[in-house]
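Engineer: Make the full structure from the sequences, and use the hints.
Chains as they are written, first to last, in my numbering: chain A, 1 to 389; chain B, 390 to 787.
Calculated directly from the structure, the hints in this document are not laboratory data.
Worth double-checking, as some hints may not be accurate.
Derived PhoX-like pairs: lysine-lysine, alpha-carbon spacing no greater than 25 Å straight-line [what the hints assert, rightly or not]: (1) B/606 - A/22; (2) A/76 - B/720; (3) B/605 - A/216; (4) A/106 - A/82; (5) A/22 - A/216; (6) A/22 - A/82; (7) B/460 - B/500; (8) B/458 - A/140; (9) B/720 - A/80.
Chain A residues, not near chain B, derived (Cβ > 10 Å throughout) [as the list claims (entries may be wrong)]: (10) 7; (11) 8; (12) 17; (13) 70; (14) 81; (15) 168; (16) 189; (17) 233; (18) 260; (19) 334.
Built from N, CA and C at the ideal position, the CB exists for glycine as well.
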Amino acid sequence: MTKETGISAIFKREWLRISSSKICIWGIFVAPLLSMIILLWMMGSGLPSRIPIAVVDLDNTTTTRTLIRQLDAFEKTDIKYKSLSFREARQQMERMEIYAILTIPKDFTEDAISGNRPKLVYYTNNAFLISGSLLFQDLKTISTLASAAVGLQTAEAKGFTENQIMPILQPITIDAHPLGNPWLNYSVYLNNILMPGILQLIILMFTVSCFGSEIKAGRGSYLMAMGDNSILKVIIGKLLPYTIIYTGIAFFFISIFYYINNFPLHSGFWPMFLNYFCLILAAQGMGVILLGIFRNYRLSLSIASLIGMVSFSITGFSFSTLAMDGSLSALSNFFPLRHFFLIYVDQALNSIPVGYSMYQYAALLVFVLLAVFFFGVIRKMLTDNVYEE
Amino acid sequence: MKKLLLDIYYVWINELKVVFKDGAVILLFFIVPLAYPVLYSFIYNNETAHEVKVVVVDDSNSALSREFKRKVDATADVKIIGYATDMEEAREAMRRKEAYGIMYIPRDFSKNINTQQQTQISVFSDMSSLLFYKAMLLSATEVSLDMGADIRVAETGGGSQEEDAATRQTVENQWVTMYNPQNGFASFLVPAILILIIQQTLILGIATIVGTHNDKKRFTIASHTAQGKSVHPVKLTIGKAFCYASLYMLISVWVLRVIPYIFKFPQIGDPLTIAAFLMPFLLAATFFAMTLSYFCSQREFGMMLFVFTSVLFIFISGISWPWTAIPEPIKAIAYIAPSTPGIHGFIKINTMGATLTDVWLEYIALWIQAGIYCTTAVFMYKWWIQNYDPEYKGMVRN
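Structural biologist: Have a look at this one:
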């Protein structure tokens with residue numbers, strides 16, 4: 001009944017199936033491209049800039065006005081309102097028009113000079129944690145500057161020379177080195193994992209569906225015959241076209257991230273490419289494992305999407321696994337993206353010798369090895385060819 | 390009028406039967422909204438990173454440097470796990486993941502302070518998590534300002550207690566973290582995820598129903614022509630939407646009320662306001678889901694079509710990247726999805742205690758979305774029936 005058999009026949013057939021399937025075009029090509037365009041565009045500036053805030057200045061002297069001007073000049077802060085009452089400012093905050101309020105008390109200047117230690121109070125809207133933290137940095141700096149400005153006047157009055165003043169105002173300074181991502185760029189920080197995460201999600205689902213859809217269409221035994229009844233041939237022939245496509249997508253990601261947008265890639269091309277390649281294989285292996293465990297096309301797909309979505313959280317790139325409950329930290333090892341992330345940090349950011357990442361590369365390949373144990377189940381599913389809803 | 394209501398009621402009840410007969414739909418409509426919020430809340434439950442492991446290289450080894458180390462170790466966010474003799478040894482500890490940061494105290498640390506020169510402590514942080522960086526930087530800065538103040542008093546003070554205090558700090562400052570006092574991750578992210586779960590499970594569930602009709606060629610049943618009835622697509626759409634939306638009112642109580650209560654997320658909003666706001670959100674999300682669902686040509690395709698959009702919807706909603714910093718065209722795209730105004734409104738009411746008048750913009754936007762998507766859902770339904778339903782086209786069923 002079949003003209004050709006063997007891996008290459010299945011390979012060709014799968015290639016045609018992909019190119020003639022709307023869902024494959026949408027899910028494999030459009031979805032990552034669309035996500036990439038939107039996410040990179042949105043975070044194009046690297047750090048959110050000019051976040052609106054309000055200043056409630058009850059003192060209104062030259063000193064406070066200078067202070068406000070200095071604050072407005074900061075990159076992250078944009079003073080949108082200067083003449084609101086605190087109540088009005090708070091209402092604006094509830095409307096998401098502003099993300100922080102700085103209050104300068106009455107008689108601030110006078111009190112500062114006479115040593116009465118007035119207090120600057122700043123309120124940040126931490127329902128939006130990232131804006132809140134970013135604004136906190138600016139507001140903290142301006143408060144320190146205010147303290148220094150007054151301190152400067154006092155110190156000068158006491159007869160210290162200018163060279164002596166800074167060491168007195170701030171004897172110990174902190175010099176921060178965020179390793180690997182010196183600009184604290186959010187686009188680097190998030191997209192480097194979000195996009196592979198989306199890739200992993202797609203791979204998981206389409207690996208399940210490339211076998212599930214055959215069973216649903218009743219072509220399982222036909223496929224086995226085409227592969228000379230060798231499940232290895234069937235699986236390789238069917239999955240290889242996807243591996244090639246995903247590797248192409250990985251090339252695309254790598255070139256956009258590291259060569260066009262110049263995201264940090266301190267280890268050079270190969271360790272990161274190998275990382276992507278192992279992630280692809282691991283996710284394909286995981287797809288096979290899921291189908292083998294749940295043995296139902298629809299349920300396996302649901303579980304695949306669940307795992308794909310939870311990966312974004314449990315990988316710990318925004319909220320570290322070390323801060324999670326111990327059981328979750330252990331559970332994270334069952335997610336390929338977690339290992340991808342660890343390799344990425346060590347190679348692309350920290351650029352430590354590849355040897356330190358060997359365990360993670362191996363972990364990714366373990367998913368492929370584990371998948372082999374489920375080949376028998378997949379063979380039985382294809383031969384029996386029973387589609388359950 | 391009576392016929393209209395009866396027809397809608399009839400479709401409503403029949404759709405309920407469809408929902409409860411299908412295990413996949415029950416999974417997506419009930420089990421996922423039940424379990425997912427718990428999972429996410431559990432993941433983010435610890436809110437912040439405490440005791441980030443740091444290794445110290447102390448080249449100064451003086452009383453002052455020991456004071457610095459002691460004070461840093463005493464902060465809640467940083468824990469000194471050991472001392473390295475040089476930077477190379479410290480870096481090795483980082484490579485082996487024994488530490489996530491290095492604090493370097495230079496040789497002339499104490500000398501510089503005693504001779505009234507500025508000195509510098511270097512903090513190196515692993516950037517696998519911004520939380521580590523933040524914890525280290527804040528703790529080190531806090532300690533340096535504190536010690537700096539003491540040093541200043543020793544150098545220039547010497548007056549009364551009042552004067553010393555003024556020397557310590559001429560201007561005081563205070564940071565008030567509003568709406569999320571513990572500065573936590575869960576309190577900030579999970580409320581947005583909750584809203585998104587409602588919308589996305591609706592999309593997936595309804596897509597599964599439509600896909601199954603397609604698989605089984607059950608168009609006549611879907612349009613109720615099999616029972617010899619001729620129901621207009623408007624009534625069909627509204628009847629089905631009421632079925633889904635009414636189920637989701639119950640689900641929302643769990644997702645939006647019980648979950649924040651159990652996990653102690655900020656919840657200062659008025660339940661009635663939330664309920665009133667939820668009305669247009671659920672309708673908009675339902676009609677949005679129904680419009681999209683007709684693209685689902687097979688039972689299983691919903692996942693592959695729509696799951697990845699969750700990532701996009703959460704990021705363009707302005708929960709992490711501030712809404713004001715999002716480019717205008719992306720804001721416009723974001724407003725296609727009901728989840729965007731839904732998240733904004735829910736956070737304002739639930740987390741920030743806003744009233745309905747404070748969220749009128751989102752409230753109106755959701756009603757408009759509900760109207761638009763109701764219309765598109767009707768048209769999609771019409772298209773779907775006309776394309777597939779032989780009975781509807783006046784053909785003979787076989």
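Engineer: Give a verdict on every hint.
Structural biologist: Results of checking the hints against the structure:
no., hint, result
1, B/606 - A/22, "20 Å, holds"
2, A/76 - B/720, "20 Å, holds"
3, B/605 - A/216, "12 Å, holds"
4, A/106 - A/82, "15 Å, holds"
5, A/22 - A/216, "17 Å, holds"
6, A/22 - A/82, "55 Å, violated"
7, B/460 - B/500, "20 Å, holds"
8, B/458 - A/140, "23 Å, holds"
9, B/720 - A/80, "20 Å, holds"
10, 7, "25 Å, holds"
11, 8, "27 Å, holds"
12, 17, "14 Å, holds"
13, 70, "14 Å, holds"
14, 81, "13 Å, holds"
15, 168, "6 Å, violated"
16, 189, "7 Å, violated"
17, 233, "25 Å, holds"
18, 260, "18 Å, holds"
19, 334, "14 Å, holds"
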